[in-house]
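K.L.:
Just need the whole structure built from these sequences, with the hints factored in.
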Amino acid sequence: MLTQTSKKGDLLLLLGFVLAVAFGPIILQPFGAGYPDLLQKFAIFGIFAIGFNILFGLTGYLSFGHAAFLGVGPYTAVWSFKLLTMNVVPAIIFAVVVSGVFALLIGFVSLRRSGIYFSILTLAFAQMSYNLAYSVLTPITNGETGLQLRQHDPRVIDTMFGINYGAELPSTTLFGIPMSGWSGYYFCGVVLIIMFYISMRIFRSPFGMMLRAVKSNQNRMNYTGLNTRPYTLAAFVISGMYADLAGGLMAVTDPLAGAERMQWTASGEVVLMTILGGTGTLLGPVIGAGAIKYFENIFSAFNEGTLLQIFSFLPEGLQHAAVSVAALFVGEGWHLTLGALFMIIVIFLPGGLMEGVNRIMRLFTKSGSGGSSPQATAQPAE
Amino acid sequence: MPILTVRNVNKRFGGLKALNEVNLEVEEGTVHAIIGPNGAGKSTLLNCFVGRLEPDTDTVDFDGTSLLGIKPHEINQVGVSRVFQTPEIFGDLSLVENVMIPALAKRDGAFKLNGWSAMNGETELRQKSMEMLGDLGLADQAEQQASQLSRGDKRRLELAMCLIQDPKLLLLDEPTAGMARADTNNTIDLLKEIAKRGITMVVIEHDMHVVFSLADKISVLAQGTVIAEDLPEKIKGNPKVQEAYLGGAHL
Amino acid sequence: MDAILLQILNGLDKGGAYALIALGLTLIFGTLGVVNFAHGALFMLGAFCAVTLKALLSLEKVVLDETQQTAWGTPMEIRTPYIEAWLGDFGVTLLDYSVPVSILVAIPIMLIIGIIMERGLIKHFYKRPHAEQILVTFGLAIVVQEIIKSQFGANPIPQPAPDIFAGSADIGSLLGFDPGRVVYPWWRMVYLAFAGIVIGGVFAFLQFTTFGMVVRAGMADRETVGLLGIDIDRRFTIVFGLAAIVAGLAGVMYTPILSPDYHMGMDFLVLSFVVVVVGGMGSLGGAVAAGFLLGILQSFASMNEVKSILPGIDQIIIYLVAVVILLVRPRGLMGRKGVMET
Chain F
1 MLTQTSKKGD
11 LLLLLGFVLA
21 VAFGPIILQP
31 FGAGYPDLLQ
41 KFAIFGIFAI
51 GFNILFGLTG
61 YLSFGHAAFL
71 GVGPYTAVWS
81 FKLLTMNVVP
91 AIIFAVVVSG
101 VFALLIGFVS
111 LRRSGIYFSI
121 LTLAFAQMSY
131 NLAYSVLTPI
141 TNGETGLQLR
151 QHDPRVIDTM
161 FGINYGAELP
171 STTLFGIPMS
181 GWSGYYFCGV
191 VLIIMFYISM
201 RIFRSPFGMM
211 LRAVKSNQNR
221 MNYTGLNTRP
231 YTLAAFVISG
241 MYADLAGGLM
251 AVTDPLAGAE
261 RMQWTASGEV
271 VLMTILGGTG
281 TLLGPVIGAG
291 AIKYFENIFS
301 AFNEGTLLQI
311 FSFLPEGLQH
321 AAVSVAALFV
331 GEGWHLTLGA
341 LFMIIVIFLP
351 GGLMEGVNRI
361 MRLFTKSGSG
371 GSSPQATAQP
381 AE
Chain G
1 MPILTVRNVN
11 KRFGGLKALN
21 EVNLEVEEGT
31 VHAIIGPNGA
41 GKSTLLNCFV
51 GRLEPDTDTV
61 DFDGTSLLGI
71 KPHEINQVGV
81 SRVFQTPEIF
91 GDLSLVENVM
101 IPALAKRDGA
111 FKLNGWSAMN
121 GETELRQKSM
131 EMLGDLGLAD
141 QAEQQASQLS
151 RGDKRRLELA
161 MCLIQDPKLL
171 LLDEPTAGMA
181 RADTNNTIDL
191 LKEIAKRGIT
201 MVVIEHDMHV
211 VFSLADKISV
221 LAQGTVIAED
231 LPEKIKGNPK
241 VQEAYLGGAH
251 L
Chain Z
1 MDAILLQILN
11 GLDKGGAYAL
21 IALGLTLIFG
31 TLGVVNFAHG
41 ALFMLGAFCA
51 VTLKALLSLE
61 KVVLDETQQT
71 AWGTPMEIRT
81 PYIEAWLGDF
91 GVTLLDYSVP
101 VSILVAIPIM
111 LIIGIIMERG
121 LIKHFYKRPH
131 AEQILVTFGL
141 AIVVQEIIKS
151 QFGANPIPQP
161 APDIFAGSAD
171 IGSLLGFDPG
181 RVVYPWWRMV
191 YLAFAGIVIG
201 GVFAFLQFTT
211 FGMVVRAGMA
221 DRETVGLLGI
231 DIDRRFTIVF
241 GLAAIVAGLA
251 GVMYTPILSP
261 DYHMGMDFLV
271 LSFVVVVVGG
281 MGSLGGAVAA
291 GFLLGILQSF
301 ASMNEVKSIL
311 PGIDQIIIYL
321 VAVVILLVRP
331 RGLMGRKGVM
341 ET
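Residue numbers (our numbering), protein chains in the order written: chain F, 1 to 382; chain G, 1 to 251; chain Z, 1 to 342.
Check each hint, because a few of them may be wrong.
[Said to hold, decoys possible] In silico DSS-like cross-links for lysine-lysine, where the CA-CA straight-line distance does not exceed 30 Å: (1) Z/K123 x F/K215; (2) G/K154 x Z/K127; (3) G/K128 x F/K7; (4) G/K128 x G/K192; (5) G/K192 x F/K215; (6) G/K112 x F/K7; (7) G/K154 x F/K215; (8) F/K8 x G/K128; (9) F/K8 x G/K112; (10) G/K112 x F/K215; (11) G/K106 x F/K7.
No wet-lab data here; the hints were simulated from the structure.
P.N.:
Structure follows, in structure tokens:
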């Protein structure tokens, strides 16, 4: 975690990342994840987690209300589809700008406190937004039904250019390219790469170092002549905009907005993605997001039949016992797995998968070259 | 011309009068020590200089700026750096980063949204920081994580972080508290070196050995009031000081 | 006037639940220094103690009576709960009173759950950062809630209050208002009294026992908590167990008011945290006062008269109050200066 990094290493990392996104469909084919809907989800939640990590990973401020930003994105985007155009570019720009302002407001208030107070404040704001979306804001959010496209929406810009969707419900486009299937995935993929690159720049910048200094010692920072509040606020707004962008992309692939995305369990999910992958690492959050969405997809698809098949090698009595235990964790019970995973990671591997990989690597380098770099073996002080 | 002027400072905590009409003048380029028995108000006074506590009345002037009611980072930006009783450093960061942060604060001010430029591009700053670490004998550990340093080395690092900002005034709050004798002596030597560079220092100290080897001038604080202010050799013989501070024992 | 009285009464029982949960949260935070996001789960587990007991008591013996026939010509099934068959009238009473009787069952169960939780998990997190405490207890809360969901389903399970408390009291007519204007269900009154007794019990325990003194001293100054006794570990466990019992009992008795479901814990937890913050982290009196206060405020905000002026205010009032309090008076209503202020 030291900033003395080589430019070459970063370039390689970025190149690897681009290749992974480009060939994702082929690489993940053998794992049964090579289809656009799921890959799109990886990309979208990857963006969400990268953004969350800029706040939590660098500054250590644990926001429990990031789902509020994720939830605002789709509303803004869908309204843009309804009123202006089915083109996704304005929708996404609007989503990011609106949420940026939203994040500025919430951040300005929440960041007056730190620690648990900050977590509770953000949680309170998110719950407030969630409740409002279901009550007073119904004219904007369409309440529990959710905001949907209609055939007779005005779509001013589209009409201006004489685009007519006829009797069918229109679908989102990028200057005429329909945003469904593979083109949808690659659109999200390109955005993911851009957002990953931005996060990399932030990590390697003086600004990023200041954010890590916030996490390390705010008192020292103040007495060093640095004003911590604008730094944390900037981090909060940036990460809020990432979340909104992710929300906007959700609407691009599925133009429907509902408040359930704002629920605080969704905020918990992004925390889990980030810590599962590795808080404060560049790649970790993307990996964490991918892993969780992948297993969610697999686990929730299981049902009793598939389980019976899996355990068919066992004698009948045991088979049924195994199935009934396993059934708790799959299908409807996916959340149980999620919760258990949450605990296991926090208890045993607070550094996340990246930390795990590092530990294994260290085992090899230690036995191999015998303490090549002093900082790699550095134990954190108590 | 004093660089720091403290006039008629009072501070109450509830019914307790922690500081009572304190007056103090620190001349530029000198080491000024503030001593006093426990609870005399030394730390309270220091906290009044750095914006952590707001004194009830009158003046704390530094180089023409009032330090009253402004925030810690603003006080630092006018040229006051501070060393804490327990070294305050960025434990998760490397030593060189620890020094680069104050250097950046000095160059770019209290906040700059430079998220797009690269730390790697800051070669000049890095070199300056490495030199500073070298001056304090920490060059070898430059890439190490700061939390792993020994207590004495943490103090050195903290001093490096202050010195890289070329402070006009350096405040030290019991810089050798909790240190072993050897570390204490090293720190004294180090502070003498720093004093030679002409940096004004205000030292709050408990340890007489430290005070008398460093200070150009000593103020004695007892029960919130300055009872004596003089050259070290004269302080030693001052009966008032012996009475209040040492209960009559000889220094 | 009568409307105001009614809203105050309506707010009190919910406030009682908030106060009981917040009391435990504060107790745990004050002594153990742990932020317990699984405290709502304890409240829910208490409620499901009542559900389980009721289900057990209602197990029925089915007897076919050949002498009577149903409309389809099959023999009539006579269903009698076993408990009635064994114990006669006492069994019937027991079934009727299943909710209050659950208290007796819930106390040992919640104590055991509390001890297992503290010894098995929380203990290892005393020295870890608050963020990790939040995360691990949050994970635990999800696990508990999902287990309950898999066993009891996702739908609320109504729990009737004993027959004798089933109706409502017309308090208004007692105080000279028009009859029927201020009507308050008997069970809510029972809940209120119960909450008062439990809160009083906890305070008396802390006030008058040596153990309580140690706990209070520990809350007053976290730094010295380690110096207070050699048996600090066991004391922490007991405090946690006590908090678990309080939350559990709050849950048991709340079941006739709100039919328990698996996510009731989370719903109450978020609000209870807000209550703790408003009351002042580490202040027991603050937690209780803020619990009732916020309950009443929420009840007022849901009056039609208020909603017509400020639409949606009922949905957000509690959060709004919390935000204002945290900004204006960060230590909370009754928090001491300097305790967890930043």
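K.L.:
May I ask which of the numbered hints given earlier this structure violates, with the numbers listed in increasing order?
P.N.:
5
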